[in-house]
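2 protein chains.
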Amino acid sequence: MPKLIDVTELILRDAHQSLMATRMAMEDMVPACEDIDKAGYWSVECWGGATFDSCIRFLNEDPWERLRTFRKLLPNSRLQMLLRGQNLLGYRHYEDGVVDRFVENAAENGMDVFRVFDALNDVRNVRRSIKAVKRAGKHAQGTICYTVSPLHTITGYVELAEQLVELGCQSICLKDMAALLKPQPAYDIVKAIKQACGEETRVHVHVHSTTGVTLVSLMKAIEAGADCVDTAISSLSLGPGHNPTESLVEMLEGTGYETKLDKACLNRIKLHFAKIRPRYAQFLSNITGVETDIFDSQIPGGMISNMESQLKQQGAGDKLTEVLLEVPRVRKDAGYPPLVTPSSQIVGTQAVFNVMMGRYKVLTGEFADLMLGYYGTCLGTRNQQIVDLAAKQSKKDPINGRPADLLKPEWEELRSQALALKGCDGSDEDVLTYAMFPQVAEKFFVARHEGPKNLGKDPAKAAPAPAAAPANGGKKPDSNSGPVLVPITYEVKVDGKAHKVTVAPA
Amino acid sequence: MPKLIDVTELILRDAHQSLMATRMAMEDMVPACEDIDKAGYWSVECWGGATFDSCIRFLNEDPWERLRTFRKLLPNSRLQMLLRGQNLLGYRHYEDGVVDRFVENAAENGMDVFRVFDALNDVRNVRRSIKAVKRAGKHAQGTICYTVSPLHTITGYVELAEQLVELGCQSICLKDMAALLKPQPAYDIVKAIKQACGEETRVHVHVHSTTGVTLVSLMKAIEAGADCVDTAISSLSLGPGHNPTESLVEMLEGTGYETKLDKACLNRIKLHFAKIRPRYAQFLSNITGVETDIFDSQIPGGMISNMESQLKQQGAGDKLTEVLLEVPRVRKDAGYPPLVTPSSQIVGTQAVFNVMMGRYKVLTGEFADLMLGYYGTCLGTRNQQIVDLAAKQSKKDPINGRPADLLKPEWEELRSQALALKGCDGSDEDVLTYAMFPQVAEKFFVARHEGPKNLGKDPAKAAPAPAAAPANGGKKPDSNSGPVLVPITYEVKVDGKAHKVTVAPA
Chain B
115 MPKLIDVTEL ILRDAHQSLM ATRMAMEDMV PACEDIDKAG YWSVECWGGA
165 TFDSCIRFLN EDPWERLRTF RKLLPNSRLQ MLLRGQNLLG YRHYEDGVVD
215 RFVENAAENG MDVFRVFDAL NDVRNVRRSI KAVKRAGKHA QGTICYTVSP
265 LHTITGYVEL AEQLVELGCQ SICLKDMAAL LKPQPAYDIV KAIKQACGEE
315 TRVHVHVHST TGVTLVSLMK AIEAGADCVD TAISSLSLGP GHNPTESLVE
365 MLEGTGYETK LDKACLNRIK LHFAKIRPRY AQFLSNITGV ETDIFDSQIP
415 GGMISNMESQ LKQQGAGDKL TEVLLEVPRV RKDAGYPPLV TPSSQIVGTQ
465 AVFNVMMGRY KVLTGEFADL MLGYYGTCLG TRNQQIVDLA AKQSKKDPIN
515 GRPADLLKPE WEELRSQALA LKGCDGSDED VLTYAMFPQV AEKFFVARHE
565 GPKNLGKDPA KAAPAPAAAP ANGGKKPDSN SGPVLVPITY EVKVDGKAHK
615 VTVAPA
Chain G
115 MPKLIDVTEL ILRDAHQSLM ATRMAMEDMV PACEDIDKAG YWSVECWGGA
165 TFDSCIRFLN EDPWERLRTF RKLLPNSRLQ MLLRGQNLLG YRHYEDGVVD
215 RFVENAAENG MDVFRVFDAL NDVRNVRRSI KAVKRAGKHA QGTICYTVSP
265 LHTITGYVEL AEQLVELGCQ SICLKDMAAL LKPQPAYDIV KAIKQACGEE
315 TRVHVHVHST TGVTLVSLMK AIEAGADCVD TAISSLSLGP GHNPTESLVE
365 MLEGTGYETK LDKACLNRIK LHFAKIRPRY AQFLSNITGV ETDIFDSQIP
415 GGMISNMESQ LKQQGAGDKL TEVLLEVPRV RKDAGYPPLV TPSSQIVGTQ
465 AVFNVMMGRY KVLTGEFADL MLGYYGTCLG TRNQQIVDLA AKQSKKDPIN
515 GRPADLLKPE WEELRSQALA LKGCDGSDED VLTYAMFPQV AEKFFVARHE
565 GPKNLGKDPA KAAPAPAAAP ANGGKKPDSN SGPVLVPITY EVKVDGKAHK
615 VTVAPA
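Read top to bottom, the protein sequences are chains B and G. Read in order, the letters of the first sequence correspond to residues 115 to 620 in my numbering. Read in order, the letters of the second sequence correspond to residues 115 to 620 in my numbering.
Honestly, I wouldn't trust all of these hints.
One copy or two, either will do: identical chains are not told apart, so a pair holds if it fits within one copy or between any two.
Simulated pairs of lysine to aspartate or glutamate, EDC-like, Cα-Cα distance not exceeding 20 Å [stated by the list, open to error]: (1) Lys377 <-> Asp410; (2) Lys536 <-> Glu526; (3) Lys374 <-> Asp410; (4) Lys305 <-> Glu337; (5) Lys509 <-> Asp483; (6) Lys389 <-> Glu422; (7) Lys305 <-> Glu367; (8) Lys389 <-> Asp432; (9) Lys374 <-> Glu148; (10) Lys575 <-> Asp142; (11) Lys252 <-> Glu280; (12) Lys245 <-> Glu280; (13) Lys305 <-> Glu280; (14) Lys567 <-> Asp167.
It should be emphasised that the hints constitute simulated quantities derived from the structure, not laboratory data.
Modelling step: build the complete structure from the supplied sequences, incorporating the hints.
Here it is in structure tokens:
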């Protein structure tokens, strides 16, 4: 009997987050839910990550309502979310009481599996939320953010896994945000975790496909004993997204491993999203091929685009190479954090500052906080000179404790602030929405009654996409390649008589 | 010490044949040759397949001159070509004397490695060319066309490999034209060939990437002992093309296998073709994602597009599903030929005829020939009823012998026909060009002095590409999504007075 390999489907969360800037409207997902529910997935990732932010910022959609809708439409599925530990779905640390309430409410609204991670792999930043998940009787999945550095070793990852298991996690996720996980380390890490934590410890593997090698890494992880792998249906896969679900199914044929996915369901899901995809052309990632430069620079693709646009805004687009060389130095000074939200932005922006204004002449507030321990602890020792500089500039002391320990209970204050807002319905969910993104929530509460906005456009009416972008790192041309908006001269016959007519936008 | 894995680079032949209809002009390849020559490839595929046809039909370029240029620009590389056995680079069987002369001339002009295949895997159709390659002192690579059917077994493929080795082939190529080769069969076939033919028998593996699983298949083939794998530089890879060279290199890190490719060279080659690619937007394949349907239908992607356009021309676009179901039946009746040029076209067109006019009411001439043995022998038994029908309709007898045995010496006649043409320079190469494509050659000889045409266009000036096609099997819309170029009549009111106004490009 082949061994059963479980699959987590990413189409409803990370697939569109990675490929179309998290813009997919709920109504474009609803028609596929029946097939997704029947296909035989171990879980369906559908919430968390950037979806919460995107719902209220761009889609005028209540994220809690989205969760309840998924719960209704996917009655037989484990719903899964991505949770940033003590950051929840926001960009700062929350006090423990808020963490508890967030998890409770997510569980009550239908969430089953909480994948909890911390950008720095600091276990202290995920402990509270993991406990809250367990208290709610739900599945707590502890996460290892995979990165490559002189200090990151298999032993280190295994120790992290052991700590997560000790915290009561029912499974461990090896999470590779930047497609850096090559086949051999995938095998070695999964094998070592199984050996250290016991064969019964579930190991899930999450990879992106940017570098083109990670389907092979999934194969090797499976050979090493991985229980579940993450994929996205083919019509919204590849590039900075994920490996195609259907390819995983086919790849395993005859290998001694198999999924129990229903190919007819997968085909219908594929066709649905193939139809939806062109409606979001304006948000689609430029990267359609593979990008293996990442292995050398260890800088994720999305981070390069960000830095490039920062540089261009300052008229220094030619400085990109210098900045790319500066990133590893800044990362080393910070103690080798994995580069993932928010550490990728913090390190990247500081590298830009270093190149533009001289090395560490100016520190961003966030980089100072990172150096002073306000995001937690990294594997490496921080450069003491920069720590001193950060303390001096920010007038803060370095800390060694858990960052959230510095926070005072804040629920009641958040609650009274939220309830004072027009349109807030007084529910815990609304307070949590406010807690995550105060300014955005304020606008959202006012506009909520207008109902969800679908940013997708009929491709026949939308401006055509730019001509075939190069496979590698190509950027969309700045010029509009749609209907020409410059003056055009036509020959026009009016009542049979020819005129030269020039037409320009009024 | 890691085992060295050799690599054949496809960028100069199959990559642009698969992704941009073989349209790349020589001048767009020349600047990359220095790096290709230095990168450390085992061989550089750069000639044969459809390039010969495309050179004289579309590019006004002498294919023999192209070969000599590559020889000059790649002095340290093995040049490799794809040869269709007794069909050479044309679409009919040639008499043995023509086969000998073609191979001799290719060798004299610089070719080193001849990958020789027959669409039906009929060894009798490759024997003569393999002998000619050996006589010229060059490397003869015998090819197994991989397909899936109830009759195709590992044992069968191994027997074929043994026959090719007996013919004196220095290496065996397992060639997967349609991306059907899954990891486990890749492992099993390579392993079995090595066991049967000896570890010293070189095995090369050629796969396309359409289904998304074949980089894993290459990994498994390497684990089974494959000596060399085919890839294409990343900026012209994936989709109906091939796996990215750079991803292969990275994938192997730490596995006990390694290539000796120079990453700095690969990077420069990548950047060059990333720049060239958008110039050929008009020819680029629509398929950018993966397409796993092929596993069920066993119908290669290109074949589906062909059938679709045949059906549309006859106003029967709605019959595609019926035709797709008819293909496996026709293939079975024909004895399960692999579906590759020309068998894919022959089987596909007959399936269209069956659906449009009733099953086998009308046979195409080519299908009748296939049924009567004029293309050689397949693994399966042909349906006798259809063989009888074919004999009756075509007034030909079925044959069992080698098709080329029926041909009389034809070199002298081809030579005198060619020499009679305006612009023919009287060389053996020109006679061979004429022999391959008589009508096209006639026009080419006349126009040759005008020099090569580059069909690439400055992307800034080219018409915009159609809006983001779906990843899966999407077809380019027939309508031009650029500015409207047909006359349009409006009713226009100027100062209250109505006019009929017709607008057309000036």
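In ascending order, which of the hints set out earlier in this document are inconsistent with the structure?
Per hint list: zero violations.
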